[in-house]
Structures are given as C-alpha cells and as structure tokens.
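Number of protein chains: 2
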Amino acid sequence: MISKSDIKYFSSLNQKKYRKKENRFLAEGLKIVLEGIKSQYECEVILVTYEFADKQSDVIKYLKKENLAIELINFHDFQKISDTKTPQGIIGVFKYEALNFSINKNHSNLLVYLDNISDPGNLGTIIRTCHWFDIKEILISPNSSEFLNPKVVRASMGSIFHLKIYDDIEINVLKEIKSSGYKIICSDLRGENIFNFKFPERFVITLSSESAGPSEEIISLADKSVTIPKFGNAESLNVSVAAGIILSRIKS
Amino acid sequence: MISKSDIKYFSSLNQKKYRKKENRFLAEGLKIVLEGIKSQYECEVILVTYEFADKQSDVIKYLKKENLAIELINFHDFQKISDTKTPQGIIGVFKYEALNFSINKNHSNLLVYLDNISDPGNLGTIIRTCHWFDIKEILISPNSSEFLNPKVVRASMGSIFHLKIYDDIEINVLKEIKSSGYKIICSDLRGENIFNFKFPERFVITLSSESAGPSEEIISLADKSVTIPKFGNAESLNVSVAAGIILSRIKS
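Chains as they are written, first to last, in this note's numbering: chain A, 388 to 639; chain B, 388 to 639.
Here chain A stands alone, though its shape is the one from the complex (with noise of 0.2 Å):
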C-alpha cells in the first residue's frame, strides 16, 4: 500500500535535483517501461493505475512473472507523478548511478557529443536516432537537457536504456579525447559539405543546438567542420533531423 510521503517522493523525482540525490528516475509509458526492464537498469518498483491494471491483465501477469515490485495506485495521485498530460496509468522508477568518462578505458571509435542540446523532445529524439544507428556512447555537455528528465526518457522511447550515456561532460572532456588520438568533427553551418566528407577513423561528431551553433571553444577544438548543404531557402534544420540526417551518412 502506498502512501502520501511514497507519492511525494515519487513525484520528486520529475526533478533534477532529487534525481540526483536518490539515484532514482521515472519512466513512463508501456512501452518504455518494458525497454527498461529489458535493460541492464535495475527497476525498483512498477506504478500502475487501477484502471491500467483491469484493461492490461496480461502486461501484469508478465510483470509478476518478472519478478517486479508493482504498486497500485489511484489515477489521482498517479497524475500527480505522471508527466503526461493523458497518462496510459503506468510508470516505472529505476535506479542508475551516473557513468564517468575515462580516457583510459577502451571506447568506440565514434563518439557523439551533444552540445547546448536543451529541449528534451530533441535530446530524447537523437538519442533514438544514436540507438538506431548502433552509436555506442553518447557525451552530453552541462548546458544540454539532463537525459533522465521524464521527458527525454519518453521522446527516445526507452533508447537511453541501451546505450552508454555520458551526462555533464565539459569541454575539458573533450580535449583530453582529442589528445588520445580522435579527431574532432564538428557539424556547423559554414563547413564542408557533408555528401563529400571522407570520415576519419576514430572520432567525435558534435552537434549543436541549431539556433546558438557550436561554441567558439568547440570550434577552435575542431579538426574539420561539415555541414549539411541546403537547397531552398529554410533558415535551419532541426537539430534532430541534422543529427539523423549526419549520422546515416557516417554510416552509410
């Protein structure tokens, strides 16, 4: 049975700061609960609603089968955790401890950075494209949107569950990458047209919020720059659609 400090607790979560401080975050929505309990995080208990319960009799069966805690709750305190504006009723809380980068330790040899990325829905939406373009590691600068914000969670439909994510990761960082041996791909809008880029072997492509553009440190950083040529007279692309758009084409 839960209570009233339960449901406060659990609603805290949606914040970053409590985030951190219990190690816990939210996922919600069926199907990416069912991603997270795929993966390697470790689920610390299933919130469902009553009325979630009666109509999904099989996802509660599997979820017992599983072995997982669940707790019913009523689909007034459950709005009051949800994020969503029409909650599907289910949520999971998973614990995580945050990954540090290490130089030393073996990486792949292409590394995403994400730099000043702070809408959630974008954030979300390239870490999907990252997991559908089998990128391993993911560097998030400070200024980006933290990845375990309800939010992102939702827009990469559970993707952050599978891959290695960096958060919080300083420009400094990256120096130290460059240093061992990568080369620093920036995507810009005054480099080289991508459609003609030869890739070198290991590196990092970093990509930046469309309005503000990469850094003045980033770009002195950077060995080359590439951009994505335009053909009609559109101001920007879409930070996500750029990111999609450049990462088939280093994998294709």
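Just so you know, the hints here were simulated from the structure itself, not pulled from any lab data.
Misleading hints may appear alongside valid ones.
Said to hold, decoys possible - Covered by chain A, according to a simulated footprint, are these stretches of chain B (three or more residues, beta-carbon under 8 Å): (1) 517-523; (2) 544-556; (3) 619-628.
Keep in mind it's a predicted model, so treat the numbers as computed, not measured.
Cβ coordinates follow ideal geometry from the N, Cα and C atoms, glycine included.
Dock chain B against chain A, hints included.
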C-alpha cells in the same frame, strides 16, 4: 481598439473548423510572423501585447513602415488567443485560400506525400525540412494534422508560408498522379536499402507515421519501397528524422 468579440474571433482560429470557415489562421512568434510578412500570404492584422510593443519598438516601427495593421492588446486577452505556454507577445492573423491540386497543371518532378502524420510537431518539422531541401510541393493526407494548426505553423518555423501545400489529399489523387507518369516510392520498414536506391526522374515519395506505417492502399499503389537500414536495436526512427534522411539521400 479591440473588442471582446474580436478576442473570441481570433481565439476561435485555434480550431480547424473556424479556420476553414473564416479562411484565416494564426502564426505566433516574431520569427514566424516575419516569415509570413515576407511571403505571398496576406496579413490581416498583427496582435501584439503592450509589453512586446514596449520592448521591441524597432519591430513595431518596421511593421508600421510595411503598412501592416497592428492591434495592441493586454497580456490577459493575448493569452486567450495564444497557443503557447510562455507567449512572446506577437501573433499574425493571415488569410489563406486552400490550394486545389490539379493534375493538369505543371508540377515539380518530386512531390512529397505525407500520410497519417498526426503529430503537429512532426508535421511542422517535416515541412521545414522540405523547405531546406527545396521541395516545392507537399501533399497531405486527410488523416494527418492540418498544416495551419498553430503548432504546425510554429514547428515549421514559418516554412509553411513558402511552399505549395495541398491539404486533404485522398489516395485517389495519388492514383491520378501515378497515371500521369509519376512513380510512387513508399518509405517503409520492408523496402530496398535507400543508400543503394536509384530514384526515378519523376516521383512521389510517401512518408508515413512510424507507428502505423504506410496504409495497405499506399503499399499496393507503390512502384517501389525504400528503407533506411537499421544498424542498432532501436525499434523505429521518428518520422521527421526519417524524412530528413530520405530527402537528404534524394538530393545528394
């Protein structure tokens, strides 16, 4: 001076029914209003809050120089019309006439057909991406979001003003287009690898929602299907990301 019934009238344009009836739509945000003014659409009036007029006197000066009608409005009333959580304080009211697609007129060699794109953010982002890649004509299925929905207009960053967009296009029109000599290329999870695909000279590319995929009717109408190969384990790509990859591939 703006009346209560004016407020009600402008606010009603957030609904499709009234947009169709009045042949008017709303474009919110400075950047988007400016795109509208530069375009061939006729601007009926621009609504600005007192705060906006105060802070952005250069913008007001410019709008007056362009002989545009401006109405000042208090923030409380503005919120009734605005579709955003944190309004900038500027909305343009634009006139439009629905375009009829006639196969007997001249059309581009490349047409984009958007099928069942119900999320307004995705629809707007795809229109913006089409603008970037110099697509001139977009056809939209009846079960997609309407392109004059304020959320679509915003996500397009004003690109809706610069392309020929045909709404409510039934599958029968696609059949006519096919009969007139266009190939129908359908993007689908089970098609040919797009990175090896040679596109024909005149064709329609169809883009469908990632959850439902293309309808049976489109699949049976299509001459060929194309797929973005999957490298990792993500279940799907966001449709606006997929659209970007496909259009970049067509153009590169």
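Do the hints match the structure? See the list:
1. Only residues whose beta carbon comes within less than 8 Å of a beta carbon in chain A count, and the stretch 517-523 of chain B has 6; three or more means the coverage holds.
2. With 3 residues having a beta carbon nearer than 8 Å to a beta carbon of chain A, the stretch 544-556 of chain B meets the requirement of three or more and the stated coverage holds.
3. Only residues whose beta carbon comes within less than 8 Å of a beta carbon in chain A count, and the stretch 619-628 of chain B has 9; three or more means the coverage holds.
In terms of the numbered hints stated before, the structure departs from none.
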